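Chemist: Each chain, written out:
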Amino acid sequence: MQDDKHAEVSGQDKRQVACRFVPTAAEVTGQPWRVSEHFVRLIGNTGVRLIGNTGGVRRSGHVEYFLQQLINGLTLGAIYGLIAIGYTMVYGIIGMINFAHGEIYMIGAFISLITFLLLGVLGITWLPLALLIVLASAMFFTAVYGWTLERIAYRPLRSSPRLTALISAIGMSIFLQNYVQILQGARVKSLPPVLPGGFMLMEKDGFVVQISYLQIGIIVLTLVLMAAFSLLISRTAMGRAQRACEQDMKMASLVGIDVDRTISTTFVMGAALAAVAGMMVTLYYGVIDFYIGFLAGIKAFTAAVLGGIGSLPGAMLGGVLIGLIEVFWSAYFTIEYKDVAAFSILVLVLIFRPTGLLGRPEAEKV
Amino acid sequence: MSQVSPGSGAGGASVLPWLAAVREAALAAVVALVVAVPLMGFETVQQASGLELRTRWDWVAIAVASVFVGRLLLALLRPARRRRTGGVAAVGHVGRAFRDLARWLGPAAIVFALTLPLMPFSDRYILDVSILVLTYIMLGWGLNIVVGLAGLLDLGYVAFYAVGAYSYALLSLNFDWSFWVCLPLAGLFAASFGILLGFPVLRLRGDYLAIVTLGFGEMIRVILINWYKLTNGPNGLSGVPRPSFFGLPFSASAPAEGGATFSSFFDIAYSSTHRVIFLYYLILVLALLTNLFTLRIRRLPIGRAWEGLREDEIACRSLGINPTNTKLTAFAIGAMFAGFAGSFFATRQGFVSPESFTFIESAIILAIVVLGGLGSQMGVVIAAIVLIGGPELVRQLEDFRMLAFGGLMVLIMIWRPRGLLAFREPTIRLRPRSRAGEASAESAQGG
Numbered sequence: 497m498q499d500d501k502h503a504e505v506s507g508q509d510k511r512q513v514a515c516r517f518v519p520t521a522a523e524v525t526g527q528p529w530r531v532s533e534h535f536v537r538l539i540g541n542t543g544v545r546l547i548g549n550t551g552g553v554r555r556s557g558h559v560e561y562f563l564q565q566l567i568n569g570l571t572l573g574a575i576y577g578l579i580a581i582g583y584t585m586v587y588g589i590i591g592m593i594n595f596a597h598g599e600i601y602m603i604g605a606f607i608s609l610i611t612f613l614l615l616g617v618l619g620i621t622w623l624p625l626a627l628l629i630v631l632a633s634a635m636f637f638t639a640v641y642g643w644t645l646e647r648i649a650y651r652p653l654r655s656s657p658r659l660t661a662l663i664s665a666i667g668m669s670i671f672l673q674n675y676v677q678i679l680q681g682a683r684v685k686s687l688p689p690v691l692p693g694g695f696m697l698m699e700k701d702g703f704v705v706q707i708s709y710l711q712i713g714i715i716v717l718t719l720v721l722m723a724a725f726s727l728l729i730s731r732t733a734m735g736r737a738q739r740a741c742e743q744d745m746k747m748a749s750l751v752g753i754d755v756d757r758t759i760s761t762t763f764v765m766g767a768a769l770a771a772v773a774g775m776m777v778t779l780y781y782g783v784i785d786f787y788i789g790f791l792a793g794i795k796a797f798t799a800a801v802l803g804g805i806g807s808l809p810g811a812m813l814g815g816v817l818i819g820l821i822e823v824f825w826s827a828y829f830t831i832e833y834k835d836v837a838a839f840s841i842l843v844l845v846l847i848f849r850p851t852g853l854l855g856r857p858e859a860e861k862v
Numbered sequence: 052m053s054q055v056s057p058g059s060g061a062g063g064a065s066v067l068p069w070l071a072a073v074r075e076a077a078l079a080a081v082v083a084l085v086v087a088v089p090l091m092g093f094e095t096v097q098q099a100s101g102l103e104l105r106t107r108w109d110w111v112a113i114a115v116a117s118v119f120v121g122r123l124l125l126a127l128l129r130p131a132r133r134r135r136t137g138g139v140a141a142v143g144h145v146g147r148a149f150r151d152l153a154r155w156l157g158p159a160a161i162v163f164a165l166t167l168p169l170m171p172f173s174d175r176y177i178l179d180v181s182i183l184v185l186t187y188i189m190l191g192w193g194l195n196i197v198v199g200l201a202g203l204l205d206l207g208y209v210a211f212y213a214v215g216a217y218s219y220a221l222l223s224l225n226f227d228w229s230f231w232v233c234l235p236l237a238g239l240f241a242a243s244f245g246i247l248l249g250f251p252v253l254r255l256r257g258d259y260l261a262i263v264t265l266g267f268g269e270m271i272r273v274i275l276i277n278w279y280k281l282t283n284g285p286n287g288l289s290g291v292p293r294p295s296f297f298g299l300p301f302s303a304s305a306p307a308e309g310g311a312t313f314s315s316f317f318d319i320a321y322s323s324t325h326r327v328i329f330l331y332y333l334i335l336v337l338a339l340l341t342n343l344f345t346l347r348i349r350r351l352p353i354g355r356a357w358e359g360l361r362e363d364e365i366a367c368r369s370l371g372i373n374p375t376n377t378k379l380t381a382f383a384i385g386a387m388f389a390g391f392a393g394s395f396f397a398t399r400q401g402f403v404s405p406e407s408f409t410f411i412e413s414a415i416i417l418a419i420v421v422l423g424g425l426g427s428q429m430g431v432v433i434a435a436i437v438l439i440g441g442p443e444l445v446r447q448l449e450d451f452r453m454l455a456f457g458g459l460m461v462l463i464m465i466w467r468p469r470g471l472l473a474f475r476e477p478t479i480r481l482r483p484r485s486r487a488g489e490a491s492a493e494s495a496q497g498g
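Respectively, the protein sequence lines represent chains C and H.
In terms of my numbering, the numbers along the first sequence are unbroken and rise by one, the last being 862.
In terms of my numbering, the numbers along the second sequence are unbroken and rise by one, the last being 498.
Bound-form chain C, shown alone:
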């Protein structure tokens, strides 16, 4: 009834959904950022598709409906959380909002799409292998993008005022968006479902609570990456170096830590995780365009702030919360205002707990 219906109607339906919101060429070439409206509507629509394409009957009030939204929200939250880690790490180390991180995630999505198509051309159709190759390729190439971004736009500005780096980041974000738009076109790209099907959890009155294989995959992969990542930060020399730089960059360099290299690794890791999120979105929603990085980036940063910026578990928690808020808001209230809901919650949290949920209170130094 829910996602199985969505799984049954194959790529054709998706393409219709996509095409209805494809901006005309004239609209796109006029002003590149105009596409945003279309994308807002598009996201709204895919949201509807995901959270209950029940033909107008909204079964709110049922436990089953709640459970289904919970599963969908956790999936979305996992994706936000992975992007949020990149924000929180960079902010922790150099105290800068890496505005172009959303664009890095978008590039990750595009690279996974291209790798998928390439594997199709090469004839590699065994799904586990294909997914693994796509994952590896997206992570590698996106990581190089992350590294280059830091090298070109941020490293020369390391000792400059904070605002300077922020403007540079915003400029880079605009640049990358238009770079992908020029190279890959402004149209929405759609991919037929790669991994259809799922488990039926429970059924009542014809309403089926379902968790798709893809949702399981996304949540499990996120958990695995989080665990690996926490180990990396807490156990390895590289992680120690990162934590040292986070506390005091000058002191860290005095004890022989290569600060430049540590910051580069941070960007590389953040970009790789964002690439995983990009791949997940490509598979999960099946539609991407050059503009997806902006909203996802803002929301992921919101998630990082919500969880307490600088804290890795906080980023994950914030991501899951934002995902849940968004999904539940669209399920029970109005889908149009889901972004407003997410930001309002952020403002409320910041008023009552300015360091975020898991952030350490910052001592004010004189």
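By construction, these hints were calculated from the structure, which means they are not laboratory data.
As the structure is a computational prediction, the values presented were derived from the model and not from experiment.
It is possible that part of the hints are untrue.
[To be verified] Incomplete in silico selection of chain C near chain H, CB under 7 Å:
1. Thr644
2. Ala649
3. Leu659
4. Ser664
5. Leu679
6. Lys685
7. Ala837
8. Phe839
9. Ile841
10. Val845
[Unchecked claim] Straight-line distance between alpha carbons at most 25 Å, and here's what the computed DMTMM-like set of lysine to aspartate or glutamate pairs gives:
11. Lys746(C) - Glu362(H)
12. Lys746(C) - Asp756(C)
13. Lys280(H) - Glu406(H)
14. Lys280(H) - Asp227(H)
15. Lys746(C) - Glu406(H)
16. Lys280(H) - Glu832(C)
Virtual Cβ for every residue (Gly too), placed ideally from N, Cα, C.
Put chain H on the given structure of chain C with help from the hints.
Modeler: Only chain H this time, still in chain C's reference frame:
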């Protein structure tokens, strides 16, 4: 990958400058190759049967080659450039030169701006671009109060611009009020929004403020898109009344209810450029008012409190300044000028829609302020001309305009991290021999 550190280049430079430069360039080219292959090498094309891939290896080759050549030239020119400028001292020198320049540049610019519509070369197109540039100058000056003076990072400035534009559009469409009545009201509404938003969040640290203002900007846009009853959704409001010259409309024929038009009243031939010239002077006056206001308020206690807060919040608090209220005034006043600019925008376009108020607008305005040099009024003018007027000149490169815009922002920031006019003149200068308690002498010295 990380061998491309500046250290390795500088170390090799003394021995074999050429070899080191070539090696650096080769490394850059390898990185460029890896970056270019997936997105530049393959193009996804929508076919009837689904997405298809096409290859573009020639593009990759061109990109890699240009990166190699560019990096090589940069590596070879860098030592020479460093020797010529001689480091930090030169920056101060340039700053002084700019300051001397600014002394007569300001009045000259105003004279030029005043006479522009009378110049022989100014046609409709030049005036339109100038109006656009002036709108951004006004917005930049308004944001300069928030970011440059008070040091508050506002990433959602366009929200107040939108509030101003929609206030004018809605008031004039629903109640038929004239532009001159709506202009102060639009500023008032925008300022109230600024207070409403600022009150809860101004106690937060700078970056949180940035993200909350960013979120607020998006929220306003989402609300404008979805509140069909009031705002007509994504379609926007059209038919917003054009401004009149103190009651005299700029039209070819007299209005139905009688009365004169601008051309008939002054007994001149009707021309469609009259309205453009009027709009030009209108925005010029509004922008200059913003500038004058900023220059004057910097000398008032409140303006000094803003600058004090920017420099050191704790010191200010211990001097008895209430940081929240002080920030709130800066926020509200900045928002008010955005509201004025917004209602001008609405009357100029005759049409408002949420598409005009995206995040990119906020980013452009902030870029103008930062690029110009924080707190520098003349810098805003120069940055607005470069960033808004520049891309207008290359309109034929439609697709690459925003690409160039983003790249330009990064390059200018790397070239001049403190902005184009990178000097911050202290608003108040203590007399060398002044003692504590001579507050009156100090204030007389302002400027």
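Chemist: Can we keep the isoleucine 841(C) interface hint, with Cβ of chain H closer than 7 Å?
Modeler: violated (10 Å)
Chemist: Please verify that hint: leucine 659(C), Cβ, nearest Cβ of chain H, below 7 Å or not.
Modeler: holds (5 Å)
Chemist: Measure nothing beyond the straight line between the CA atoms of lysine 280(H) and glutamate 832(C); if it is 25 Å or shorter, mark the hint as holding.
Modeler: holds (15 Å)
Chemist: Quickly compare the C-alpha distance for lysine 280(H) and aspartate 227(H) to 25 Å and report which way the hint goes.
Modeler: Status holds; Cα separation ~18 Å.
Chemist: Take the C-alpha atoms of lysine 746(C) and aspartate 756(C), compute the straight-line distance between them, and say whether it is at most 25 Å.
Modeler: holds (11 Å)
Chemist: Minimum Cβ distance from phenylalanine 839(C) to chain H below 7 Å?
Modeler: Phenylalanine 839(C) check passes; min Cβ-Cβ to chain H is 4 Å, inside 7 Å.
Chemist: Let me know if the C-beta of alanine 837(C) comes in closer than 7 Å to any C-beta of chain H, holds or violated.
Modeler: Cβ of alanine 837(C) sits 10 Å from chain H, so the hint is violated.
Chemist: For lysine 280(H) and glutamate 406(H), compute the direct alpha-carbon distance and say whether it is at most 25 Å.
Modeler: Between lysine 280(H) and glutamate 406(H) the Cα gap is close to 18 Å, so the pair holds against 25 Å.
Chemist: Is the interface hint for valine 845(C) satisfied, with its Cβ closer than 7 Å to some Cβ of chain H?
Modeler: violated (10 Å)
Chemist: With a cut-off of 7 Å on the beta carbons, see whether serine 664(C) makes it to chain H.
Modeler: holds (4 Å)
Chemist: Should the hint that threonine 644(C) touches chain H count as held when the rule is a Cβ pair under 7 Å?
Modeler: holds (6 Å)
Chemist: Grab the minimum C-beta distance from alanine 649(C) to chain H and call the hint holds if it beats 7 Å, violated otherwise.
Modeler: This hint holds: alanine 649(C) lies near chain H, its Cβ roughly 5 Å from the closest one there, short of 7 Å.
Of the hints listed earlier, those the structure fails to meet are numbers 7, 9, 10, 15, in rising order.
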